[in-house]
Amino acid sequence: SQQGEEDPQALSIQEGENATMNCSYKTSINNLQWYRQNSGRGLVHLILIRSNEREKHSGRLRVTLDTSKKSSSLLITASRAADTASYFCATDQFDRGSTLGRLYFGRGTQLTVWP
Amino acid sequence: DAMVIQNPRYQVTQFGKPVTLSCSQTLNHNVMYWYQQKSSQAPKLLFHYYDKDFNNEADTPDNFQSRRPNTSFCFLDIRSPGLGDAAMYLCATSRDRARETQYFGPGTRLLVL
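Chains as they are written, first to last, in our numbering: chain D, 1390 to 1504; chain H, -4 to 108.
Please note that a few of the clues may not be correct.
[Stated by the list, open to error] Derived lysine-lysine pairs resembling DSS-like cross-links, with alpha carbons at most 27 Å apart:
#1 D:Lys1459 <-> H:Lys39
#2 D:Lys1458 <-> H:Lys39
#3 D:Lys1415 <-> D:Lys1459
#4 D:Lys1415 <-> H:Lys33
#5 D:Lys1415 <-> D:Lys1445
#6 D:Lys1445 <-> D:Lys1459
#7 D:Lys1415 <-> H:Lys39
#8 D:Lys1458 <-> D:Lys1445
#9 D:Lys1415 <-> D:Lys1458
#10 H:Lys33 <-> H:Lys12
#11 H:Lys12 <-> H:Lys39
[As the list claims (entries may be wrong)] Across the chosen pairs, the derived CB separations fall in these ranges:
#12 H:Gly11 <-> D:Asp1455: 44 to 50 Å
#13 H:Ser34 <-> D:Val1433: 18 to 24 Å
#14 D:His1446 <-> H:Asp91: 41 to 47 Å
#15 H:Asn50 <-> D:Thr1416: 38 to 44 Å
Bear in mind the hints are in silico, worked out from the structure with no lab data behind them. Remember, predicted model here, so these are calculated numbers, not experimental data. Ideal Cβ placement from N, Cα and C applies to all residues, glycine included.
In isolation and in its complexed conformation, chain H is listed as follows (with noise of 0.2 Å):
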């Protein structure tokens, strides 16, 4: 019944280690988002993607990239991780641009040491 997949829950990396997020739906919704939330703040968002077309954030850092090979699975790459990369990384999916309702995943927490 799970309908946005993300792997790892839980994921821990090294300072400068690349790591990569995992998301994937079973929706088969167009537009797939990821967002970065601190603790008690708001979900930011950080790019998305309307089929294969890609829409980076304004003020997403070149450290974040992102890659959708498919309809289903998109990722988030974090090139050289810091400190203050640690966060919980929400995916999320909207049926198109009609600005509907979005559907998360459970998050992946990220630990930098």
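Next up, chain D with everything else stripped away, as it sits in the complex (with noise of 0.2 Å):
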């Protein structure tokens, strides 16, 4: 499978704490992005971040990358009851022969944040 993997499948935590989720995938990548789904609803991105990048950041969510170990991690600092969701890694790998942009999905995470 060329999707992505994210772990844990399920997490739940107190509002204030910090969020940690994991990624791995299989193959080459051209970049990783984080989205984020509320229940029933679509997709809303988040982050990218490139294959020659280690880390970055957005307000209060920081994404590591790590290529050599094809892991990608992003934390969610002091969380709150809105942050509960389902997050999902997205990798955009090398298809040989095709120029065309695609992402594969990971199952997600199903964060949820009690107050």
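Can you join these two chains into the complex? Each is in its own frame, and there are hints to help.
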């Protein structure tokens, strides 16, 4: 499978705590993206990190990428109840003979933040 | 302000009765995608258009077709829905082949009776 795999599948924390989600993948990538999905809604792009970058920040989000280990992590600091959602990593992988853009999504981590 | 719009948000159809889902975008993006997402699963790419060029995924059933009459609109046609086609269908766009951010619509939840 070319999908990324998130870990854990489910995470339950209290407001104010940090949440860390991990993503592993199998092939070389151009970039890795994290998306958020509220229940019954579409996906919302959070952050994109390119293969030559190691860390990126956006507000309370911190993403790291280790291409040698083929893994990424998403850290949400000082979590809020409104952060409750599913979080997906998606990898933009090199498709042999293709220049078309496509993403391979993992199954996601379901984050629940309790007030 | 809506950038990727999907209609309807909920669709109920009968087994075997053709159904069409629609997607429109105000971003003027070249690429439009259709994904199928079942409960607690990853979004699965069905096909995408780069401008008018149609790109089908190898494992997309023939039952699923798509049309893109212009830059703004893209349709997903399910010719003979089966019970296994009940899912959330997500439309997304991206600017070009540069493999950048994808912008998703809110999705259409399809129920097959």
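The hints, checked one at a time:
no., hint, in the structure
1, D:Lys1459 <-> H:Lys39, "22 Å, holds"
2, D:Lys1458 <-> H:Lys39, "25 Å, holds"
3, D:Lys1415 <-> D:Lys1459, "7 Å, holds"
4, D:Lys1415 <-> H:Lys33, "23 Å, holds"
5, D:Lys1415 <-> D:Lys1445, "21 Å, holds"
6, D:Lys1445 <-> D:Lys1459, "16 Å, holds"
7, D:Lys1415 <-> H:Lys39, "18 Å, holds"
8, D:Lys1458 <-> D:Lys1445, "17 Å, holds"
9, D:Lys1415 <-> D:Lys1458, "9 Å, holds"
10, H:Lys33 <-> H:Lys12, "20 Å, holds"
11, H:Lys12 <-> H:Lys39, "23 Å, holds"
12, H:Gly11 <-> D:Asp1455: 44 to 50 Å, "49 Å, holds"
13, H:Ser34 <-> D:Val1433: 18 to 24 Å, "19 Å, holds"
14, D:His1446 <-> H:Asp91: 41 to 47 Å, "27 Å, violated"
15, H:Asn50 <-> D:Thr1416: 38 to 44 Å, "19 Å, violated"
When held up to the earlier numbered hints, the structure conflicts with 14, 15 and fits the remainder.
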